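> Letter by letter, the chains look like this.
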Amino acid sequence: MAIIINGSDYAVPADPRVSLLDLLRDRLGLTGTKLGCNQGACGACTVLVDGQRILSCLTLAVQVDGREVRTIEGLGQEDGGLHPLQEAFIRHDGLQCGYCTPGQICSALAMLEEAGRGDPSHVTADLSAAPLLTREEIRERMSGNLCRCGAHNGIVEAIEDYMAGADA
Amino acid sequence: MNPFSYGRAEDVVDAMRQGANGAGRFLGGGTNLVDLMRQNVEKPSALVDLTGLPAAIEEAQDGGMLIGASVRNGTLAAHPAVRTRYPLLSRALLSGASSQIRNMATVGGNILQRTRCAYFYDPEGARCNKRQPGSGCDAIEGFTRYHAILGGSGQCVATHPSDMCVALAAIGADVQVMGTSGERTIPIVDFHRLPGDRPDLETVMEPGDLITAIRLPPLPAAIHSTYRKVRDRSSYAFALISVAAILDVKDGFIDSIRVAFGGVAPKPWRALRAEAVLRGRAPSEAVFREAADAELVEARTLAGNGFKPDLLRRTLTAVLGELAEKRA
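Residue numbers (my numbering), protein chains in the order written: chain A, 1 to 168; chain B, 1 to 328.
Read the hints as simulated data drawn from the structure, not as lab findings. Only a predicted model underlies this, so the values are computations on that prediction, with no experimental measurement involved. Please note that the accuracy of each hint is not assured.
Claimed, not checked - Some chain B residues close to chain A (C-beta under 10 Å, calculated; not the full set):
1) L33
2) D35
3) M37
4) N40
5) S90
6) L94
7) S95
8) Q100
9) N103
10) M104
11) T185
12) V230
13) R233
To be verified - Label-pair distances were calculated between CB atoms; the ranges are:
14) I90(A) <-> D190(B): 53 to 63 Å
15) D26(A) <-> N40(B): 18 to 28 Å
16) D255(B) <-> R91(A): 36 to 46 Å
17) G252(B) <-> Q96(A): 54 to 64 Å
18) I90(A) <-> V13(B): 14 to 24 Å
19) R184(B) <-> E160(A): 44 to 54 Å
We treat Cβ as the ideally placed atom computed from N, Cα and C, and that holds for glycine.
Model the full assembly from the supplied sequences, consistent with the hints where possible.
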């Protein structure tokens, strides 16, 4: 068995103590995914497993054996260009130091999928209706990703801008 | 982190077989257990991963629901039948943690998660009767903003951190447990123990027991329900206090009433005294306050949580007022 990371197979580490985050960063050199709190409080280590956003710091690498992992390295264009959401983050100053950015971007892409299939959030007033992605909804749905520089306004604007472009 | 072996269970029988030997732990999403292992609070010698077990959400013939223990919190919160028939459960789940953590955390793991008492989490720096029975408690004289006002003891005042369980307590859900001598059903309100002089014993689970599912009873009144959580920031924080409530009014009087509290006790706190005050009365702010007072008769505050009784009174009054207004 193997873990499929950004389309390539990687061996599962023999030591079950290795987190998915440590596998990515320390063993595979995929340092785009960031180590923040290492206890599930900051979201910097967010990656996609079978399309779902999860925290790689609290995931044992052995648990994703046979599953598909996407990291920030796997989101760009085939010609090496940036993902449109990455472009939007730059346009809207959705970052200052940039440390939380890979997690923010992975998280935002999954968040748009969740909202697109109608998943409610804590601030959704009517649980029986399809949620509208207002700024309040985006903020709540992105609350698992902290930005210590306080670039949240730019992050929300970048997501809105990307949504508008994706609709067009 | 201490070394441990890892195995993935195919089904309940396989999980029971693998889990039966030694100081092992069942692993769900790992959002609490892996963290505790990294802090050296938990040191299992073996992990049996349950996330590959069937994770079905079924609508039962009797109108209730059966939810597999490996269902993820996020999946359960978004399920159409839960959203329409047990909205307090969706709301409780959605108020907990973050989307990432809800995508990982399982229903069984949520029920069995440990307290977030900072002293429990600090093996090097703090005494804790829950972690090390008889060693003492540094919380009681310490930082107690998040600690219990109901059901605590001189040994432990830690709170149970789950939002989901508070909704389940109001619904009156059952926990299905597989043990070495077969399957049994435990009401969620009886599942967690109060600390007394054994705060290390948190539930009625026996060694080797496995939660297989939770069962929601048919409860038509639950469509008139909600969950409100009060916390230090508006998202991604544990509760200071929370209220789950189901309320229906018929002919001007409270007909169905279920209330449970979170953030105030070592277990999800079903407020039966408050319910007894409310049942059959005409809804009013005075009656809601009377109900809160009845439940708080035995409340004991600590230096850091003296605000909780009033916060609970006001929140219960607001939640019941909101539900009663919709049924007026």
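> Which numbered hints does this structure break?
4, 11, 12, 16, 18
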